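So the protein sequences, as listed, match chains A and B. When the first sequence is numbered by my numbering, its final residue is 932 and no position is left out of the sequence of numbers. When the second sequence is numbered by my numbering, its final residue is 332 and no position is left out of the sequence of numbers.
Everything labelled a hint here was simulated from the structure, so no lab data went into it. Given the structure is predicted, the values throughout are model-derived calculations rather than measurements. Do not take every clue at face value.
Here chain B is said to cover these stretches of chain A; the calculated rule only asks that three of the stretch's residues, wherever they fall, bring their Cβ under 8 Å from a Cβ of chain B [what the hints assert, rightly or not]:
1. 675-688
2. 726-734
3. 852-864
Derived lysine to any residue pairs resembling SDA-like cross-links, with alpha carbons at most 20 Å apart [to be verified]:
4. Lys673/A - Arg659/A
5. Lys753/A - Phe236/B
6. Lys753/A - Glu219/B
7. Lys673/A - Glu683/A
8. Lys753/A - Ala218/B
9. Lys753/A - Gly728/A
10. Lys753/A - Leu318/B
11. Lys753/A - Leu240/B
12. Lys753/A - Arg233/B
13. Lys753/A - Val235/B
14. Lys673/A - Glu877/A
15. Lys753/A - Ala232/B
16. Lys753/A - Arg791/A
17. Lys753/A - Ser801/A
18. Lys753/A - Val786/A
No residue lacks a Cβ here, since even glycine has one placed at the ideal position from N, Cα and C.
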Amino acid sequence: MSDRSTDRTLLSIQDLRVSYPTPEGPCAVVKGVSLEIARGERLALVGESGSGKSVTARSVLRLDSEARLQGAVRLGDQNVLEMTSGQVRRLRGARVGLVFQDPLAALNPVKTVGWQITQPLRLRGVGRREARNQGVELLERLGVADAARRFDDYPHQFSGGMRQRVVIAIAVIADPELLIADEPTTALDVRVQARVLELLSELAQERDMAVLLITHDLGIVAGFAERVAVMREGELIEAGDVDRIYRSPAHPYTRALLDAVPRIDDSPGRRLSGGSGPAPRRSAAGKEEQ
Amino acid sequence: MTATTSTRSPLKALSVLRAGGRAARHGGTGIVDRAAVGVAGCMVLLALVGPYLAPMSPYAVDLGAALQPPSAEHWFGTDVNGRDILSRLLVGGRTTLLATVAVIAAAMVVGTLVGTAAALGRRVVDEILMRICDIGLSMPAIIVALGLAAAMGPSLQSAVIALAATWWPGYARLVRTLVREVRDAEFVESARMLGVSPARLVFRHVLPNSLSPLYVQTTLDVSAVMLVISGLSFVGVGAQVPSAEWGAMIAASRDTAITAWWTVFFPGAAIAVTAIAFNLVGDWLRVRTDPTLKTGGRP
């Protein structure tokens, strides 16, 4: 892994356009997004529901077979959009890991968590014993008490927070260079959220792993990411260092998003203001999820 | 998902009996399960070694000893030709069980492959396969099997092949529905995201989460298939006349059923006990293959 390109840029998305075919013609979901992530960097991709942030991230692994992708997604020196499906498959799990939103749905209910954690290693020819040792070690590192014994338990025997640690273990065990975390803490309560993000951050540093965190919650971004990119309606409207974005957001929509982070001293009747930027095309789009 | 099927099971009353208390609630292995597995195991064992245990020849005709009731010499009595019923049951078990298992195994393999292909393939594949299944399901299995077996020449093999050929569409239907329920699950997608190959995705992730209702269905089908095989034997396209096949024994004894109850009772009891045992094994298998039931409820 050390003899790869010395260039610090790991992932480079150039003018990515994604559309889905519908009976009324193609529906453009991502409209020309360019984005770069350096090795070991933690980038948060922020936007409201339907802004295209998930679709952008999933395009890196060509997750949706119906989606029409244009532009370039370069991982190292290869363009993912030009790969054969076999090449993309070898990429998945090994160079790019993915953490899903709902940790129970993302786990196979009839296989033990150990089987699932070691699967990425077993697929790549690691022996059973060796894979198990690595798996138990990683689960321990992620703060699962008594990991060796719990290794043979089934997903439904774990709590939400513990399940999400299992999902993270599955995503990172094969030592990917990039981890895509699609709203990894949305299904968890606030205290567990903080702990899971902390663990993700520690793991990323230990393994020099870049993280692309997708979230609609600006409240969790500040302590985690180094850079923030804000999406709206399929377009990237602002990107920059997290401090700069929080201190002086350039785009009115970013300011509106920041103002929308709930605060304890807010009056309960307050709604997401459109700021002085262009009004969303769909009515009340900003608050539906909250 | 599968947990809800237990409440609809015709065997619910029995499963409540299942060891009572803890084991029943936690889906563990109770006394009834052990007994059922034991009986089903014995039947399979008898199918293997039964012919060596038979005290007399199952084909030795002794008209002087015809229609004798159960006695120390003939535990289960003798039939109209004076043949020892116990010996015939022991020998016939192999025929009946092997034929039944062969039909179900073949139908299950074909049905699973076709159903999975229909559920995961393109729409046109799905349509073609399901229309073929519709045709198969719209015709009574025993009539089609009768025609097929007659065309292939009457023998037990013909009956088995013919019945398997008419039995798989039901399984294909079931498997298609089961696989469609699971194929879009997020864990399948997340496995795909780990670089799992399509074949492994189907066999290690999708099918293990889909097939437990199929296991139950197949064990429930054991009795039905046994009866159809017997029926085919009865009309002459299955097991041929002197051979000791359970269903054929009942059929051959229909004239003596009232005067000599043992001629139909013991073969009938053999079929009933085997069928019930396999039903219970099916229910137990379902619980065993659903880890949510095996280890207690969701937290």
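key: Lys753/A paired with Arg791/A [C-alpha distance capped at 20 Å]   = Status holds; Cα separation ~15 Å.
key: Pair hint Lys753/A and Ala232/B, alpha-carbon separation not exceeding 20 Å   = holds (17 Å)
query = Is Lys673/A within 20 Å of Glu877/A, Cα to Cα?
reply = holds (6 Å)
task = Take the C-alpha atoms of Lys753/A and Arg233/B, compute the straight-line distance between them, and say whether it is at most 20 Å.
result = holds (14 Å)
query = Does Lys753/A pair with Gly728/A here, judged by a C-alpha cut-off of 20 Å?
reply = violated (25 Å)
message = Check whether the Cα positions of Lys753/A and Glu219/B lie no farther apart than 20 Å.
response = OK: Lys753/A and Glu219/B at ~14 Å, within 20 Å.
inquiry  = Would the hint linking Lys673/A and Arg659/A be met if the CA-CA limit is 20 Å?
reply    = holds (5 Å)
inquiry  = With the threshold set at 20 Å, check whether the alpha-carbon distance from Lys753/A to Ser801/A stays at or below it.
reply    = holds (16 Å)
query = With a cut-off of 8 Å between beta carbons, are at least three residues of the region 726-734 of chain A near chain B?
reply = holds (count 4)
message = Checking one constraint from the list: CA of Lys673/A to CA of Glu683/A, max 20 Å. Satisfied?
response = This hinted pair is violated, its Cα atoms lying about 24 Å apart.
query = Is Lys753/A close enough to Leu318/B, meaning Cα to Cα at most 20 Å?
reply = holds (16 Å)
key: Restraint check for Lys753/A with Val235/B, where alpha carbons must lie at most 20 Å apart   = holds (14 Å)
Taken one by one, the earlier hints fail for this structure at numbers 1, 3, 7 and 9, listed in ascending order.
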